[in-house]
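Protein chains: 2
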Amino acid sequence: MSVKVKLNRNPIQVYSDKFMKPVYFTPGPSELFYTVPDHLKKGLREHIFSINHRSSRFREIVAETKSNLTELFQLPDGYRMAFVSSASEVWERIVLNLVEENAGFIVNGYFSERFANIAEQWGRNTERYDVNHGTCADIDKIQFSDGVEVIGITHNETSTGATHPLDEIYKLRDKYPDSLIAVDIVSSAPVYDIDFDKIDTAYFSVQKGFGLPAGLGVWIYNQRCLDKTLEMEKRGVMTGSYHKLSRLTEQIDHDQTASTPNMMGIYLLGKVAGDMLEKGIDMIRRESRYKAALTYEAFEKNPHMDTFVKEQNYRSQTTMVASLEKSKEWIAQLEGKGIIVGNGYGLYKELQIRIANFPTHSKEQFERLSDELLKLD
Amino acid sequence: MSVKVKLNRNPIQVYSDKFMKPVYFTPGPSELFYTVPDHLKKGLREHIFSINHRSSRFREIVAETKSNLTELFQLPDGYRMAFVSSASEVWERIVLNLVEENAGFIVNGYFSERFANIAEQWGRNTERYDVNHGTCADIDKIQFSDGVEVIGITHNETSTGATHPLDEIYKLRDKYPDSLIAVDIVSSAPVYDIDFDKIDTAYFSVQKGFGLPAGLGVWIYNQRCLDKTLEMEKRGVMTGSYHKLSRLTEQIDHDQTASTPNMMGIYLLGKVAGDMLEKGIDMIRRESRYKAALTYEAFEKNPHMDTFVKEQNYRSQTTMVASLEKSKEWIAQLEGKGIIVGNGYGLYKELQIRIANFPTHSKEQFERLSDELLKLD
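Order-wise, the sequence lines are chains A and B. Going by the numbering used here, the first residue of the first sequence is number 644, and it counts up by one from there. Going by the numbering used here, the first residue of the second sequence is number 644, and it counts up by one from there.
Please keep in mind that the hints were generated in silico from the structure rather than gathered at the bench. These figures come from a predicted structure and were not determined experimentally. A portion of the hints provided could be inaccurate.
Remember, identical chains collapse to one label, so a pair may be satisfied in a single copy or spanning two.
Below, in silico cross-link-like pairs of lysine-lysine (DSSO-like), each with a Cα-Cα straight-line distance of 27 Å or less [what the hints assert, rightly or not]: (1) 953 with 877; (2) 980 with 685; (3) 685 with 664; (4) 992 with 814; (5) 664 with 684; (6) 684 with 922; (7) 814 with 685; (8) 871 with 1006; (9) 980 with 784; (10) 992 with 887; (11) 887 with 1006; (12) 784 with 992; (13) 871 with 664; (14) 969 with 814; (15) 877 with 971; (16) 980 with 818; (17) 944 with 922; (18) 877 with 922; (19) 971 with 1018.
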């Protein structure tokens, strides 16, 4: 992404650190979406968290969440969603339900690698296309075998801050028309405008872009996925038990879940998606671009830090990662000012900072963050 | 249980239905534990739901929850607990991690049956010992084959209100010393005083006796379980991926979880377990006996209803079930008075009511409930 967004800043900023609440810029769990506390309190007053998960009242909540997410994501007809416990669970369920033998994985960080590992642990033939951390794959160069049933790609690698351009992801469908294209949108949803018609399944967990307490995963999938799992089941392939895709589908088609779910999470997700619709997803996306541009500008202006992702086209709007000289010390220094940023992931733990830019974060919060980043030396 | 508990009631009861908040006596999700709203609000104020799940602060929360539950359950040395998403997940994980080929299941209701079904779906050889709904198994009469690796039994069948006496459950260990004894304590924990030394693994979900929002399951297991799964893994048996028992163990031994968990649930569970310890688990148990006795007395005194479980020794203290003449009408009538009870389960949906008696429910609430049950005609 380009940093040439017009930076129309308030020239005078007065901060009172002493009375300032901390702001979590960590890449998930992160700052709660700003309406969450009120929805939680309203839910308590209305006894939402005591109602039966088979009651008509809860089915209405599930229906509202489905409807708001469908609108927010502009899901095409035939795309469904299931509520499970985490994105990790979705990895396992995709392997069990959609991969009988062969899968291909594009690996450019720790999270994309984990999906491949789960497929291996379940004994699937796994082909990996590895590229360096902090970069993305050139889809034209990938050579998966014919017959890979699923191709897994991570839209935004939360561990490195590298984002596959959507047009690259869409190429997979043309190149591998018989494979199901599975896209990890854990830390990119709902900020990017994804054309779901060009992918088959996607999944996220709610503690990132939606700003909810952790403990809920959403699995979006199309009819091709469902046909595939039903065909596998017909031939007696083991696809799982209480959360197999066919059972999840039967239940969600009746606004129900296959086991007692994180009902509070489903309730809050529907409410927050509704709030985002009301604010306007276009405005959320515009603001995201502005906040990201501010941050990358700070990374470039401060001589002691360096954007980890070199290619501008691969730079994440939702997880900005910088390598810096004194990561641990500076993270503590920012924390003292109520600015909580993430450390690097894995090998980069003490070498980098990661900054989440989610819809809950305001432009003003990012202006302050940017000022503080510039002061670090 | 006997109904000869001394019923020392307040003789004068004045109710103002109009201003009375509804009380959920549903068998889970149920009334929230009475301290939950305050813990939630405190958690929000302290940003607990934004912190990183790998941070030392969250590890302290996990440690507190483990410690409080260990004390509440009086867990012997060598027993661990893992935090997963539901009791349904534990069923699947037990099958994958502890059963290579053969398992035996004592089936006396819908929930005990579901565990057996999950083992079958995963292709295990499944032996069932079925007894009628509303009764329990006589362990002396069970004939499982030698070599059943796990025996599943449900302490309290939430679908019928039948509770296996603990001394019967303990007989399994003597009769099948080589099998792992897996006990479903979903709706009986922490009300019954279980001797964990006499079982190998047990599990519950938090929306029952602990009065929490749904979306968290707790899996307690001993060293024999861990040895078994490690031995299976050594021989290359597939035990799962991100939530396999060996990985859950590695993580929980460091007060960590194997994936981003329902952190709010873990936090609230630790707090509520602490509140129960402060109140005193003995007092909670005494009150439970009193509240159950009141309810069974009402079932017996009202000529239009009948306790479903005939044998007193099998009657649940935590889920009291009555067959009655006009179930649907009476459930609505009670609801009009702010008393929310559960309908029957499965085939009994329109024939029975189910009343949960969990630690959050007060004696006064049960006195009122009992009065209202007596008025139904």
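To see whether the hints hold, each was checked on the structure:
Taking CA atoms no more than 27 Å apart as the test, residue 953 paired with residue 877 passes in neither setting, with 48 Å inside one copy and 43 Å between copies. For a Cα distance limit of 27 Å, the shortest separation of residue 980 from residue 685 across copies, 22 Å, qualifies, whereas the shortest one inside one copy, 31 Å, does not. Taking the closest pair of Cα atoms, residue 685 and residue 664 come within 27 Å of each other both inside a single copy (23 Å) and across two copies (15 Å). Taking the shortest Cα distances, residue 992 and residue 814 never come within 27 Å of each other, neither inside one copy (33 Å) nor across copies (52 Å).
When the C-alpha separation of residue 664 and residue 684 is checked against a cutoff of 27 Å, the pair qualifies both within a copy, at 20 Å, and between copies, at 16 Å. Taking CA atoms no more than 27 Å apart as the test, residue 684 paired with residue 922 passes in both settings, with 21 Å inside one copy and 26 Å between copies. In this assembly of identical chains, residue 814 and residue 685 lie within 27 Å of each other by CA distance neither inside one copy nor across copies; the values are 45 Å within and 48 Å between. For a Cα distance limit of 27 Å, the shortest separation of residue 871 from residue 1006 qualifies neither inside one copy, at 44 Å, nor across copies, at 54 Å.
Neither within a single protomer nor between protomers do residue 980 and residue 784 lie at most 27 Å apart by alpha-carbon distance, with minima of 46 Å and 68 Å respectively. With identical chains, the CA atoms of residue 992 and residue 887 are at most 27 Å apart between copies only, with a shortest distance of 26 Å across copies and 36 Å within one. In the homo-oligomer, the alpha carbons of residue 887 and residue 1006 never lie at most 27 Å apart, since the shortest distance is 42 Å inside one protomer and 42 Å across protomers. In this assembly of identical chains, residue 784 and residue 992 lie within 27 Å of each other by CA distance neither inside one copy nor across copies; the values are 31 Å within and 59 Å between.
Neither within a single protomer nor between protomers do residue 871 and residue 664 lie at most 27 Å apart by alpha-carbon distance, with minima of 49 Å and 49 Å respectively. For the homomeric pair residue 969 and residue 814, neither the shortest alpha-carbon distance inside one copy (40 Å) nor that between copies (61 Å) is at most 27 Å. Taking identical chains as interchangeable, the C-alpha atoms of residue 877 and residue 971 are never at most 27 Å apart, the minima being 54 Å within one chain and 40 Å between chains. When the C-alpha separation of residue 980 and residue 818 is checked against a cutoff of 27 Å, the pair qualifies neither within a copy, at 49 Å, nor between copies, at 63 Å.
Proximity of residue 944 and residue 922 under a CA criterion of 27 Å is satisfied in neither setting, with 32 Å inside one chain copy and 58 Å between copies. Proximity of residue 877 and residue 922 under a CA criterion of 27 Å is satisfied in neither setting, with 45 Å inside one chain copy and 54 Å between copies. Within a single copy, residue 971 and residue 1018 get their C-alpha atoms as close as 16 Å, which meets the 27 Å cut-off; across copies the closest is 68 Å, which misses it.
When held up to the earlier numbered hints, the structure conflicts with 1, 4, 7, 8, 9, 11, 12, 13, 14, 15, 16, 17, 18 and fits the remainder.
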